[in-house]
Amino acid sequence: MISKSFLLKLFESFYMQRWNDRMRPFELVEADKQAHKMITAWMIARLHDTPVSDIDLIEAHLFEMLQRIEITDLKPQVYYRIKENKDEYRRLNEWIIKRIEPLLKPIGHGLFERFSAYFLHEKSSLEKEIIAAAHIFASRWEFGLVKQLNGYSADTEKISAHLDAEWKKHEHLQGVSTILNTPEYISFLNLCGQLRFQYRWSNRHRSPRTSVLGHMLMVAQYGYLFSLDANACEKRKTNNYFTGLFHDLPEVLTRDIISPVKRSVEGMEELIAQYEAEQMESEVYSLLPDFWREEIGLYTHNEFSDSIIKNGSRHLVEPNEIGKAYNQNNFSPRDGRLVKAADNLSAYIEAHEAVKNGSGSPDIREALIHLSEQYKGKTVCGVDIGRVYADFIS
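The sequence shown maps to residues 252 to 645 in my numbering.
Treat the hints as calculated values from the structure; they're not laboratory data. Keep in mind that the hints are not guaranteed to be accurate.
Mimicking DSBU-like on lysine-lysine, the simulated pairs with C-alpha atoms at most 30 Å apart in a straight line are [said to hold, decoys possible]:
(1) LYS627 to LYS561
(2) LYS575 to LYS591
(3) LYS374 to LYS337
(4) LYS409 to LYS326
Work out the full structure: start from the sequences and follow the hints.
Here's what the structure looks like:
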């Protein structure tokens, strides 16, 4: 079962400052970079000419993110120097594995064993290549923001040229070469990147501030871990993960409208939903091929409803029906209620950390109480969500 300690370990990525030895237009944090990286990996994988394992892609990203969190004090240049020496790199990874074991092993489902094997056996794979390419794209995109303010620095152009060269090294991947030659795909990734500019709870003092982009990654990861506990089939796991990763994409067009505002006037929620649908049609779907429309639609429309594919079309189903009758890849199930639980848990942890760090906002404290009461003793899709909240309260 996922623990408080592991959830807070993932949340550390919101504290990790990037490019903090340079002038920055705003705080650049690891969680946002990792979210943009995974969205990019999703696109590269979808454009590849041979099948890519979404499960392997998701776990490769999670494992490398945990590694990055543990070596936060190492400058990239030092890390890459260590990586060049097999023995030193193995010793570093053995140290990381020991630190992560108490957090990852209790989750079960072989996750810790796969984490350990990922770094100790160092087998090359298509999924690792895609993650590496996505890492460079996200770093390059991010440095594009920093570069504008650091023209005075002698090594700014050198870093920029290095990142450009590293990105082009991955052109042998069909997804990368297609992105390089398709302005619409670049525009879509730029649009997703803009979600790091939008802060959640923006009218409340909080530390750390969390962006919509980083929040989406947390929801995706929590949703995946919950899916393991639900003994979900492969397609159900990946649908839950990518629904979390994209569920707030429409907010790049509408901004983060908090629930009390949506519900303040009768009919406002419906009006916002209609506007989001219109904007998604004109601003997002126009950048993507038609065959992605259904997939992105699944992740952003009725995203908190349970659904399956039956007789060639998607249908909403009643709570717990998926676990009883549709937990098979051919039904392409998605647990919207489990994604919603992950979404609420992410909000709870954001509030928990804000209060711990000195926020006195009544709204944030009220959210802590409301969410813990809402999920007290509650099971969602066979997953004991109440136990996770109890872990925080105790």
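Hint check:
{"no.": "1", "hint": "LYS627 to LYS561", "verdict": "violated, 34 Å"}
{"no.": "2", "hint": "LYS575 to LYS591", "verdict": "holds, 20 Å"}
{"no.": "3", "hint": "LYS374 to LYS337", "verdict": "holds, 13 Å"}
{"no.": "4", "hint": "LYS409 to LYS326", "verdict": "holds, 17 Å"}
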